[in-house]
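Peer 1: Listed in order, the protein sequences are those of chains A and B. Heads up, the first sequence is in this note's numbering, so the first residue is 23 and it goes up one at a time. Heads up, the second sequence is in this note's numbering, so the first residue is 23 and it goes up one at a time.
Think of the hints as simulated: they come from the structure by calculation, not from any bench. On a predicted model such as this, the values are computed, not experimentally measured, just so you know. Certain hints may be false.
Identical chains share a label here; the pair holds if one copy fits it or two copies do between them.
Within a straight-line C-alpha distance of at most 25 Å, the following computed DMTMM-like cross-link-like pairs (lysine to aspartate or glutamate) qualify [as the list claims (entries may be wrong)]:
(1) Lys100 <-> Glu45
(2) Lys290 <-> Asp72
(3) Lys50 <-> Asp349
(4) Lys219 <-> Asp33
(5) Lys100 <-> Glu216
(6) Lys50 <-> Asp328
(7) Lys190 <-> Glu29
Number of protein chains: 2
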Amino acid sequence: MERLWTENLRDIEPYVPGEQSGEQDIIKLNANENPYPPSPKAQEAIRNFDTQALRFYPNANATSLKQAIADYYHVGIKNVFLGNGSDDVIAVAFQALFNSDLPIVFPDLTYSFYPVWCALFNIPYKNYPVGDDFRINAEDYREKNGGVIIPNPNAPTSLGEGRAFVEKLMDYNRDSVVIIDEAYVDFGGESSVELTKKYENLLVTGTFSKSRSLAGLRIGFAIGSEKLISVLEAVKNSYNSYTVDAVSIEAGRASILDDAYFKQTCNKIIRTRERVTAQMRELGFTVLDSQTNFIFATRDGMSMKDMFEYLKTKKIYIRYFSVPRIDNYVRITIGTDREMDVFLENVREYVK
Amino acid sequence: MERLWTENLRDIEPYVPGEQSGEQDIIKLNANENPYPPSPKAQEAIRNFDTQALRFYPNANATSLKQAIADYYHVGIKNVFLGNGSDDVIAVAFQALFNSDLPIVFPDLTYSFYPVWCALFNIPYKNYPVGDDFRINAEDYREKNGGVIIPNPNAPTSLGEGRAFVEKLMDYNRDSVVIIDEAYVDFGGESSVELTKKYENLLVTGTFSKSRSLAGLRIGFAIGSEKLISVLEAVKNSYNSYTVDAVSIEAGRASILDDAYFKQTCNKIIRTRERVTAQMRELGFTVLDSQTNFIFATRDGMSMKDMFEYLKTKKIYIRYFSVPRIDNYVRITIGTDREMDVFLENVREYVK
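Modelling step: build the complete structure from the supplied sequences, incorporating the hints.
Peer 2: Have a look at this one:
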């Protein structure tokens with residue numbers, strides 16, 4: 023018999039993160055992690071960190087990291103919000119900015135955490151299906167809504183939209199907050215950060231996990247008008263004052279300041295992606311034009327689920343989603359050139 | 023004129039953390055931080071951390087740190103929950119465990135974040151005033167409620183209650199979840215962790231910020247029945263899968279494993295506290311019998327607010343709360359013996 027106290031427990035279906043293997047000798051192309059280590063300056067910041075000072079709470083505003091981000095994006099420090107990874111940032115944004123009885127809207131094929139946050143915070147939502155070409159149609163987003171969130175580039179489709187798309191979105195949504203989730207933008211997408219100066223109701227979110235190779239440190243950020251940022255800060259400070267720890271603040275700052283390394287590694291990934299895309303197409307695959315650090319691919323008359331399972335036996339982990347519309351696609355994170363050569367070799371073998 | 027989109031923004035009054043000064047040569051006795059550095063083993067874990075691996079997401083379950091905590095407290099790994107500081111842990115617990123129309127209950131004088139979380143998550147609450155001696159009366163907590171949260175030892179009063187008190191509380195609250203917040207327990211309080219094996223509806227929370235000198239790294243935990251922990255995990259995984267970063271996992275684990283250093287520094291703080299308490303009493307102060315790393319003090323006929331301001335001019339920061347019932351008290355964190363000697367000297371000067 024269930025005891026009475028169990029009645030007040032929250033009953034919720036959690037998000038299940040992608041498979042993480044403890045194995046050491048696998049080729050891990052399943053979590054959109056960066057194949058290159060973080061900036062040597064960021065690594066040095068950790069090795070030289072004044073560990074004695076960890077007895078103090080971090081600066082609650084994480085000012086030094088915020089200022090570095092503000093300078094980098096040419097905005098003011100009051101236009102920058104920081105969180106414990108971009109999941110934390112977007113979760114705070116959902117709580118802070120989406121308090122309407124109208125549903126918030128986002129594409130049907132997109133980051134699978136959005137409906138989970140809606141369930142957690144009791145936010146109604148509605149999906150607009152992406153087209154058969156997997157593109158998002160801005161015209162869908164004209165209907166009155168409680169808020170808009172769109173990843174640009176989108177995941178798992180890898181497709182990015184340009185400035186004209188975002189301008190349209192802002193034009194159609196003067197009465198809602200629009201969030202553009204730019205987790206993947208540094209791999210060739212077009213950022214909307216500049217547009218936050220024009221549209222007070224536009225929030226752009228980003229992460230250090232992908233392009234800055236710092237997934238292990240949990241740093242996410244948002245850029246927007248002082249109005250939006252101040253509401254995010256109020257909610258964050260009602261939840262946990264110290265979300266970004268002292269080591270992450272230092273290492274994150276060092277990463278931002280080392281722009282040469284950042285550009286170099288992003289460009290390397292883009293070059294590898296273009297090469298892999300071309301070779302996959304030669305092997306008969308349909309590969310979408312990616313603006314991210316992964317590709318989204320399928321092949322007529324071939325089971326992608328089977329290929330995913332086959333590659334796993336070869337210790338190559340990619341991602342397969344058992345989701346309508348994309349259940350014959352795979353998402354492949356771009357690794358090093360060497361890793362991708364092994365991957366391509368195995369795919370070639372499989373296709374034969 | 024306010025635009026329409028601003029109507030859906032959350033309007034909330036955030037918690038304001040205690041004053042943090044950027045000054046270097048102050049004696050900082052205002053944030054209940056530990057005066058001793060973290061375990062040398064924890065510091066070493068950071069210096070030797072494999073920073074290249076930061077490109078990977080941390081283990082979402084933070085298994086190695088959880089296991090170390092489980093072993094330390096003689097519970098199973100499924101009895102341990104981890105978060106980004108104990109504020110994150112308790113905030114998740116409020117969302118996960120307090121879903122009743124009845125008010126949750128806690129003392130009037132206690133951690134000031136509790137009502138803030140109630141406001142954030144729309145949880146009704148009710149306070150029971152502590153006695154004139156600042157003690158919590160277990161009999162108050164017999165009334166039907168939506169949940170109970172009590173810090174033991176309590177802050178800012180510094181007073182701890184024994185096992186009999188908690189057993190009474192559990193006896194009176196068979197139909198609610200009871201949270202005992204043990205942020206300060208390692209400085210001489212009596213832990214209720216063992217009781218979580220007896221009471222499935224008891225959750226005990228703790229932090230690495232105080233007794234383990236790791237405030238900068240943000241590690242909090244909770245121990246309870248598998249039932250309670252599984253609900254916390256579901257809510258946490260609906261919010262952010264990776265709340266504890268890779269560096270914190272390693273350093274936290276090293277701290278737990280270095281029990282000798284932990285006991286040594288806790289005991290040093292207790293000894294200093296007892297000495298300072300005695301000397302303050304000699305100077306005419308009323309000092310409560312602290313079981314924490316701070317003391318709570320007043321002096322008849324003397325303005326504690328003025329003393330607080332005076333000490334600030336001497337670069338000694340203590341904490342004063344402009345709160346009814348305790349507005350002539352100060353909270354003084356226990357520093358090193360040398361710091362406390364300077365503090366006492368200045369208090370002696372002021373009393374003259």
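Peer 1: One pair to classify: lysine 219 and aspartate 33, alpha carbons no more than 25 Å apart. Within, between, both, or neither?
Peer 2: between (41 Å within a copy, 23 Å between copies)
Peer 1: How do lysine 290 and aspartate 72 come out at 25 Å by Cα distance, when the copy is not named: within, between, both, or neither?
Peer 2: Result: close only across copies, 23 Å inter versus 33 Å intra.
Peer 1: Give the relationship of lysine 100 and glutamate 216 under a CA distance limit of 25 Å: within one copy only, between copies only, both, or neither.
Peer 2: within (15 Å within a copy, 46 Å between copies)
Peer 1: Within a copy, between copies, both or neither: where do lysine 190 and glutamate 29 come within 25 Å Cα-Cα?
Peer 2: Cα proximity of lysine 190 and glutamate 29: across copies only (22 Å, versus 47 Å in one copy).
Peer 1: With identical chains, the pair lysine 100 and glutamate 45 could be close in the same copy or across copies; at 25 Å between alpha carbons, which is it: within, between, both, or neither?
Peer 2: Classified as between: cross-chain Cα gap 23 Å, same-chain 43 Å, threshold 25 Å.
Peer 1: From the Cα coordinates, with 25 Å as the cut-off, is the pair lysine 50 and aspartate 328 best called within, between, both, or neither?
Peer 2: Answer is within: at 18 Å inside a copy they meet the 25 Å cutoff, but 61 Å across does not.
Peer 1: Classify it for me, lysine 50 with aspartate 349: is the Cα-Cα distance of at most 25 Å met within a copy, between copies, both or neither?
Peer 2: within (21 Å within a copy, 58 Å between copies)
Hint violations for this structure: none, all hints satisfied.
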